[in-house]
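Sequence order for the protein chains is P, H and S. The first sequence: position 114 = 114 (this note's numbering), numbered continuously. The second sequence: position 237 = 1237 (this note's numbering), numbered continuously. The third sequence: position 69 = 2069 (this note's numbering), numbered continuously.
Hints in this document: simulated from the structure, not taken from any laboratory. A portion of the hints provided could be inaccurate.
Okay, the calculated bits of chain S under chain H, using three or more residues with CB under 8 Å as the criterion [said to hold, decoys possible]: (1) 2065-2075; (2) 2130-2138.
Label-pair restraints from in silico Cβ distances [stated by the list, open to error]: (3) S:D2026 - P:Q285: 52 to 62 Å; (4) H:S1124 - P:L202: 37 to 47 Å; (5) P:Q285 - H:D1120: 20 to 30 Å; (6) H:P1278 - P:Q285: 17 to 27 Å; (7) S:L2346 - H:L1119: 51 to 61 Å; (8) H:L1281 - P:S175: 19 to 29 Å.
Coverage of chain S stretches by chain P, computed from C-beta distances (three or more under 8 Å per stretch; other residues unrestricted) [what the hints assert, rightly or not]: (9) 2186-2200; (10) 2270-2284; (11) 2308-2322.
None of the values given here were measured: they were computed from a predicted structure. No residue lacks a Cβ here, since even glycine has one placed at the ideal position from N, Cα and C.
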Amino acid sequence: MIRIERRLEQPRWLTVVVPVVSIAFAFLLATLVLLATHHPPLHTFARLFQAAFIDNGALTETLVSATPLAFTGLCAAVAFRMNLFNIGGEGQLYAGAITGAAVALLVGGAPSPVVIVAMILAGAAGGALLAAIPGVLRAFFSTSEIITSLMLNYVVALIIDYLIFGSHSYLRDSSGFQASVFPQGKTLPDSATWPSWTIHGLVIPLGALVAVAVAAAVWFLYARTRFGFEVQVIGDSARAGRYAGMRTRRKIVAVMCLSGAIAGLGGASQDGDFRHQLDPRGLIQANYGYAGIVVAALARYNPFAVLLVAFLLGGLQNAGYTLQGADFPNGLVGVLQGLLLFCVLGGELFIRYRVRIERRHATATEPA
Amino acid sequence: MNDALLVVVIAQGIAYGTPLLYGALGELLAERSGVLNLGVEGMMLVGAVMGFWAVQRFHATTSVALLAAVGVAALAGAAIAAIHAFLVITLRANQIVSGLAITIFAGIAGLSSYLGNDLDLATSPARHQFQEVFPSSWQDLPVVGPIIFGQSILVYASWVCVVLVGLYLSRTRLGLNVRAVGDSPAAADAMGLNVSAYRYAHTLVGGAFAGVAGATFSLSITPQWIAGLTAGAGWIAIALVVFSFWRPTLCLVGAYLFGAFSYLPFALQARDYSWAPPPELSQSLPYLMTIVALVLVSSRAARLRFGAPAALGRPYVREER
Amino acid sequence: MHALLGENGAGKTTLSNILTGLYHPDEGDIRLWGEHVEFHSPRDALEAGVAMVHQHFRLVEPFTVAENIVLGDHRDVGRTFLLHTRAIERRVADLSERYGLAVEPRARIWQLSVGEQQRVEIVKALYKEARILILDEPTAVLTPQESRQLFGTIRAMAEDGRTIIFISHKLHEVKAIADRVTILRRGRTVATLAAAEAQRRSLAALMVGREVELVERRSGPRDLGGTCLELDRLSADGDRGLPAVKDVSLGVRSGEIVAIAGVAGNGQRELAEAVAGIRTPTSGAIHVGGRKLKGGDAREAISAGIAYVPEDRLGTGVAPGLSVADNVVLKSYRRPPASRGPFLVLSKIRELAESLMHRYDVRASGPDVPARQLSGGNLQKVVLAREFSGEPVALVAASPTRGLDVAGIQTVHAYLREAAERGVGVLLISEDLDEIRALADRIAVMYEGAVVGERDGETATVEELGLLMAGGE
Chain P
1 MIRIERRLEQ
11 PRWLTVVVPV
21 VSIAFAFLLA
31 TLVLLATHHP
41 PLHTFARLFQ
51 AAFIDNGALT
61 ETLVSATPLA
71 FTGLCAAVAF
81 RMNLFNIGGE
91 GQLYAGAITG
101 AAVALLVGGA
111 PSPVVIVAMI
121 LAGAAGGALL
131 AAIPGVLRAF
141 FSTSEIITSL
151 MLNYVVALII
161 DYLIFGSHSY
171 LRDSSGFQAS
181 VFPQGKTLPD
191 SATWPSWTIH
201 GLVIPLGALV
211 AVAVAAAVWF
221 LYARTRFGFE
231 VQVIGDSARA
241 GRYAGMRTRR
251 KIVAVMCLSG
261 AIAGLGGASQ
271 DGDFRHQLDP
281 RGLIQANYGY
291 AGIVVAALAR
301 YNPFAVLLVA
311 FLLGGLQNAG
321 YTLQGADFPN
331 GLVGVLQGLL
341 LFCVLGGELF
351 IRYRVRIERR
361 HATATEPA
Chain H
1001 MNDALLVVVI
1011 AQGIAYGTPL
1021 LYGALGELLA
1031 ERSGVLNLGV
1041 EGMMLVGAVM
1051 GFWAVQRFHA
1061 TTSVALLAAV
1071 GVAALAGAAI
1081 AAIHAFLVIT
1091 LRANQIVSGL
1101 AITIFAGIAG
1111 LSSYLGNDLD
1121 LATSPARHQF
1131 QEVFPSSWQD
1141 LPVVGPIIFG
1151 QSILVYASWV
1161 CVVLVGLYLS
1171 RTRLGLNVRA
1181 VGDSPAAADA
1191 MGLNVSAYRY
1201 AHTLVGGAFA
1211 GVAGATFSLS
1221 ITPQWIAGLT
1231 AGAGWIAIAL
1241 VVFSFWRPTL
1251 CLVGAYLFGA
1261 FSYLPFALQA
1271 RDYSWAPPPE
1281 LSQSLPYLMT
1291 IVALVLVSSR
1301 AARLRFGAPA
1311 ALGRPYVREE
1321 R
Chain S
2001 MHALLGENGA
2011 GKTTLSNILT
2021 GLYHPDEGDI
2031 RLWGEHVEFH
2041 SPRDALEAGV
2051 AMVHQHFRLV
2061 EPFTVAENIV
2071 LGDHRDVGRT
2081 FLLHTRAIER
2091 RVADLSERYG
2101 LAVEPRARIW
2111 QLSVGEQQRV
2121 EIVKALYKEA
2131 RILILDEPTA
2141 VLTPQESRQL
2151 FGTIRAMAED
2161 GRTIIFISHK
2171 LHEVKAIADR
2181 VTILRRGRTV
2191 ATLAAAEAQR
2201 RSLAALMVGR
2211 EVELVERRSG
2221 PRDLGGTCLE
2231 LDRLSADGDR
2241 GLPAVKDVSL
2251 GVRSGEIVAI
2261 AGVAGNGQRE
2271 LAEAVAGIRT
2281 PTSGAIHVGG
2291 RKLKGGDARE
2301 AISAGIAYVP
2311 EDRLGTGVAP
2321 GLSVADNVVL
2331 KSYRRPPASR
2341 GPFLVLSKIR
2351 ELAESLMHRY
2361 DVRASGPDVP
2371 ARQLSGGNLQ
2381 KVVLAREFSG
2391 EPVALVAASP
2401 TRGLDVAGIQ
2411 TVHAYLREAA
2421 ERGVGVLLIS
2431 EDLDEIRALA
2441 DRIAVMYEGA
2451 VVGERDGETA
2461 TVEELGLLMA
2471 GGE
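Turn these sequences into a full structure, and let the hints steer you where they fit.
Below, the structure written as structure tokens:
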């Protein structure tokens, strides 16, 4: 007989031990998956770890994967904290990439810092505008933001396809023969290339620093300001928020816009830091938005933890790309991410609840 | 006559809408018991890959191999759904996050691709696939030929499923119990119903439906294994459940409507209409329509009349009312 | 007929949940007609003939009465795979006729009044052929007249050979109906005695564990100030979009306690919410201290000086997952000292929380404890502390003592009186006539959204109030 009871007090050590055990358990399950499909588990994990963090240049590549995950992770964390399930980070990132690239092409002649700031602002605005749609619908028509934000991901993916493959838009490269056979985005001007810094061979892109700054700003906003206080109250109990005279609707729209803006920043960073053109295939294949939700959930919506988890999962993703090939199981990265999330989600039960196992007796039951 | 745009679009809309219909019926059953499962896309993909695998590996006559493949796909979908059920029913995890985890675990960058790659399925076309059932003379009948008689057995089976699920929910004792569990688990519990058992059963059956939906792609529509071949159909299936106010017959209408819209660009392209809108526009219509439908459904009056199962998305814990 | 008497939190409901198989006992055993039984689920209990009418009804709202009654049944008409709706409806009609419990089998639950819903619950138990029927605080939602009718039904069932366990914390009910009384205190059986021999005062002492004053009426006339809260032909819709408050006009003077009596669900909650700005009035006006509110704006109501103690403590009155400190500044976080400009001043918030916790004797290990972990009484102290710290002009208190133990009730009553003495106009909404008669200067009775009568707090009798609550003038 298993009984699950709510804990009256949550010992502090549990909040450390449970996640560690959960992660270990996830790797144990992954081991079973690998064994079942005849892959050597230890060897595979070792290769993953090496390709992610050890090999020459691996950390630089890991940062390339981790930067967008940090943005989409923060995007999800900001909204989920208020029980707003914005799963449109994917589309909001595309939107930011579109507006970022468009602005870079428009003002490309200006000095580089001006172009970069314009791209950052445009990216944030693009993401925020897209996220405002589910936000407004949720606030004023109580339409579930889950499905609407998700549907918009597909719509924006189609728009980005249309801009590059389906039309002769401003963003499409139309010079030369090759560009007409293999459509692609216009190469952005040099002034739109975001700077990076190299420390002992590790290349740190501007986007990564922006992500750290955003995380710090989000933390401050939520922990130290009236706005953050209201978000916390409404997230915990919307009725309590209304009771206290908070403007719940405005706050829903504001938080959705903030969340979308952060994902849009990630899109602009894709343009400026890494791709230097509007790259539909690359963006859509990367699935940064959905992975960002995993990052946020694993980080339990704490902005600084989001950075850490984004770095670790970025490493995993980077290793996945590097090792892609006949002898390395494709899709292992998603499986591992899923298992990690399952185990951490399931593990939360043990923080909030106590599980007691009792034996059934014919007569009296002894206290366990 | 049978080449008329409208006839072709309706006939193909039914074919393309069928996986949506299976997925939506499954999600509807789970939601009626109070479990929101956002992992439909992932379950579909695993169903698709396992169904395809079965057809490639079972050496049997076409009908036996296909039947086995559908069975394997259903089992695979149910197995993935079992993870969600365990997490949200027994471990009381957040249903939204858990459903997303299912999609990531099983989806395009996860288990379905892992299996597709590992079982080496990506290179070959299906050894067997679903074909039209009726003789070609029937299929040549005007209008009804392509629309009614030009479909595969999966389409006819889905009609049977719609009727069965509808009758099950409205006319049977078990259906009454499920609706009680989804609407007021406390009342159901007090009347001696096992809330967890009902929720497990319907989440698993829902997963099986999603698995069959996936097999519809890999064995009938595509028909081969391509990573991520469902292309978001799972999400549309979830939206359809809301779109149809949790009613199986409306699911059918919605699924065919969406199917028709996703086929429309191909039909227009094939005909070389000079006025054809960009395919991206008609492809995005189902998504935009879903958003509009959701806004309409979320009006107060509609919610009161057709509202979602009241306990949808909430774990039931006896001690915490 | 056996009464289970005890104050809130004494373990009455937990005990009966064990009897119906919802909870499992840690130790000890249950004997039914001398035989040991072990219930692993409500189904076991139902099969053994034990049924319960819960305080919060266990009914499926969109279902019909007949569907609710047959739910989970596996005998007779409930056994078949297909539902035979007609047959079920006929059975239910027969049963309700036999016991004089008028229910319409085809009506949907959400269309029924609370009293009718209770009858459905009782018919449900009869349908299950329950030999032991547990009623958890059944009169809490009824008018005195309806309660008397219920007692008649209970007696008829007992004469039929059924055992009734009647849970209550109201002494006069227990005296009126029970053969024997068992008193629980803090989860333990204190005594079992024959109801006829027991004195009310001694029962109360056993229940609380010390001598208590039963009903203390505030004595002496006080000076009342001018009208501080005035409602002028106020109307508002309920959650279903139907009119819930109809043309209510009412004035509360500074220092006065005006009570609104009525059976739950007659528009009291909606009225309170409209006054507090959480619900938008459809017509009429609210004046606070001479200032007219535009209505439907909680922030405006708060700044005009309306304090509100909501019926739903955990969830509306406090945000359960947030700390006590956060909840203390739930309304004052916009102003200094809790915030400076857009920024919070955490040290000041903490100080404020600590001083209020000290002044209102909130028992918690510190201001950082999540509100959810506090007991009901301490939670209500947090709410009151916060509401009084805003120096209100008028206070709306909706069922402020529901679910509290005797000590908690006395504390809340003391705070309400103290507030009135300081010149706050108090609008008390309660279903408990004893509470109302102990506190109120004036009593207005609401029935179906309208005020159907006003009485003086000193002289009103339970009889006439009950009649008004039932809609009869």
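Exercise. Quick check: which numbered hints come out false for this structure?
Worked result: Of the numbered hints given earlier, those the structure breaks are 2, 9, listed in rising order.
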